[in-house]
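Peer 1: Here the protein sequences line up with chains A and L, keeping their order. Numbering that gives the first Met the number 0 numbers the first residue of the first sequence as 0 and each following residue consecutively. Numbering that gives the first Met the number 0 numbers the first residue of the second sequence as 0 and each following residue consecutively.
Simulated from the structure, these hints should not be mistaken for lab results. A quick note: this is a predicted structure, and the numbers were derived from the prediction, not measured. Errors might be hidden in some of the hints.
Which copy? The list can't say, so a pair holds if one copy fits it or any two copies do.
Unchecked claim - Keeping only pairs whose Cα atoms sit at most 20 Å apart, straight-line, the calculated DMTMM-like set for lysine to aspartate or glutamate is:
1) K122 with D54
2) K77 with D6
3) K77 with D14
4) K128 with D42
5) K70 with E46
6) K77 with D42
7) K70 with D49
8) K70 with E99
9) K77 with E113
10) K70 with D101
11) K70 with E131
Number of protein chains: 2
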Amino acid sequence: MHTFTLDDRLRRDTDRIMQLGLCQLRMMRDSRWPWLVLVPQRDAITEVFDLTPLDQAMLTFEQNLVASALKNITGAAKINIGALGNIVSQLHVHIIARFEGDTNWPGPIWGHGEAVPYSVEAKDIFTRKVLEALDT
Amino acid sequence: MHTFTLDDRLRRDTDRIMQLGLCQLRMMRDSRWPWLVLVPQRDAITEVFDLTPLDQAMLTFEQNLVASALKNITGAAKINIGALGNIVSQLHVHIIARFEGDTNWPGPIWGHGEAVPYSVEAKDIFTRKVLEALDT
């Protein structure tokens, strides 16, 4: 039996979209980029290589599923994927759609400026697109 | 038969350490952080999800092998893993050892300041440690 408690900072900075096999799929409360976050529901894991081999394979599968869906719904020039965890140590994987000329392009999005909240409508539209793209 | 040509910028910015099953393992010519780069030897691939499922699994395996080795040889506080590709589109995965108080901690390393070259000795020591850690 695995227990799981979401980190407080992740809870504050992101909204839950759906549950995948291993991960919670969440979106960052920042409208500057289409920005999803996968959180494997395993306690006390900070590095991908600390997951079991099965969980590592599951994470790869879910990561690529979500990255591909995000590319399709946004038409992004590039998908950025990162597992950093320098601030929030609970393992989480960022998946971000990038466009030429977007905020801080071609630099990274982490630690850049202040989050710009979504409007209720824009958040709802983005959430629905993600759900539709993953509803296979 | 897969052909593969390394991107010019990757060739200029990194040195080859060894060949794994799928990837070339290379190190960034920047001594500010212990910084490795995996380059899957597949042509015309820019996103992880464009790899075949087998190659995706191989990449995950090699990524976690290298990340775990890098953690062991450096004693890093955190390993950062990222596939961005906003500048160099050829698929490559960064694996970086981070320490509290290192350059730009806890921010990301990409796009930060100017590279600081290794001395010949320091590069040789780091390369040998990586090779020993992966020689299983």
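Peer 1: Run through the hints listed earlier and report the numbers of any the structure violates, in increasing order.
Peer 2: As far as the earlier hints go, 1, 3, 4 and 9 are violated by this structure, in ascending order.
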